[in-house]
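With the sequences and hints as input, model every part of the structure.
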Amino acid sequence: MKLKDFVPIVQLCEHYKVEISFFNELDEMGLISMTTLQQNSYLHQDKIGDVEKMIRIHQELNINTEGIDAVFHLLQKIDRLQSELNKLHNRLGLYENDY
Amino acid sequence: MTYIDYYKVLGIDKKANDSDIKKAYRKMARKYHPDLNPGDKEAERKFKEINEANEVLSNPENRKKYDKYGKDWKHAEEFEKAQQQGQYHRGTGKRSSGQYSEEDFSDFFSSMFGGGFERSRGRDVKFRGQDFNAELQLELEDVYHTHKRTLTVNGKNIRLTIPAGVRNGQVIKIKGYGGEGINGGPKGDLHIKFSILNHSKFKRDKDNLYTTIDLDLYKALLGGEVVIDTFDGKVKLNVKPETKNLTQVKLKGKGFPVYKKEGQFGDLYITYRIKLPTNLTGKEKELFRELAKLRQI
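As they're listed, the protein sequences go chains V and G. Numbering-wise, the first sequence is residues 33 to 131 according to my numbering. Numbering-wise, the second sequence is residues 85 to 381 according to my numbering.
Hints in this document: simulated from the structure, not taken from any laboratory. Errors might be hidden in some of the hints.
[Claimed, not checked] DSBU-like, lysine-lysine: derived pairs with alpha carbons at most 35 Å apart: (1) K49/V to K98/G; (2) K34/V to K232/G; (3) K338/G to K369/G.
Since the structure is predicted, the reported quantities are computational estimates derived from the model, not experimental observations.
So, in structure tokens, the structure goes:
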């Protein structure tokens, strides 16, 4: 584990103007996974994209953390369905214009 | 430039108060927010329009200006220009430094409020760069082999290795090829969606390929050899005697390469379509009659 790949939560709070309790709630819900090192909490930089999305949903749409949890589950479901649709679309090509 | 009715965009009355505007904006934003409608260009366009309407109507000064000139905004522009000429030296010349570029606003908006309009969202500081999305169209033959290609994304040339076996609709993420990060943050990613066109005689399902070939009656009955083209060159096939119409044979490992698994290939399925002879000569007809007699038909 390289510390340079992790961003301190306090820094994220400052950048995005959100309370630390917001990150704690996301962590409790399992939406993010914070790492504690020497009494400081960190987030892996690969997860920043997801966190940004959660912050946007929270700030721009006034959706609380329970709502974000539900939104993320539904988005994952859409993603799965989209990928399934794509597979089926590709398979359909087998039966089109056969003869 | 088309006149945009911001009240209509938010679905509110011209007499709507601040609370109505806020409520309407939130409702519309929930419906069309890009994070909730991934990949939906129409939702993205609508969301920009909603934001633009909110920027104008939620700001009393801008709303007043918009209400005053309304559909006659062209005259308003001339009027504003005349006013600005008198005040030019007092202007700050400050440009917007917010997250949204001027391209995110309609021409109508720019003509009404200018490019230097300050956004009030308070999300000035971004940590990670923006993700870029691109679509790449390739032919099926192109993705049979791993190859390099140069793409131009946002004016920058990116040399990319496209692995063999990439699938239609597949999205690959290229880390660090998105927008620049701010305040030392990491760059965003580049997401490339592959659109694989197929003009070949093969149909593809995952890593398997399917094709149909014509077989003459005599080879189908007596057996023989056929040569077929594959992406990997010509292949000679032995046709068994008394092969039935629509018989399918499998050529193991002659299909499409498996994505990111070097040396692994799917299978090639060949369906024989038996062609009956036409324009028979008298002699041929005679022989067929004899054959029929032998079979007592």
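Against the structure, the hints come out as follows:
no., hint, in the structure
1, K49/V to K98/G, "holds (34 Å)"
2, K34/V to K232/G, "holds (32 Å)"
3, K338/G to K369/G, "violated (40 Å)"
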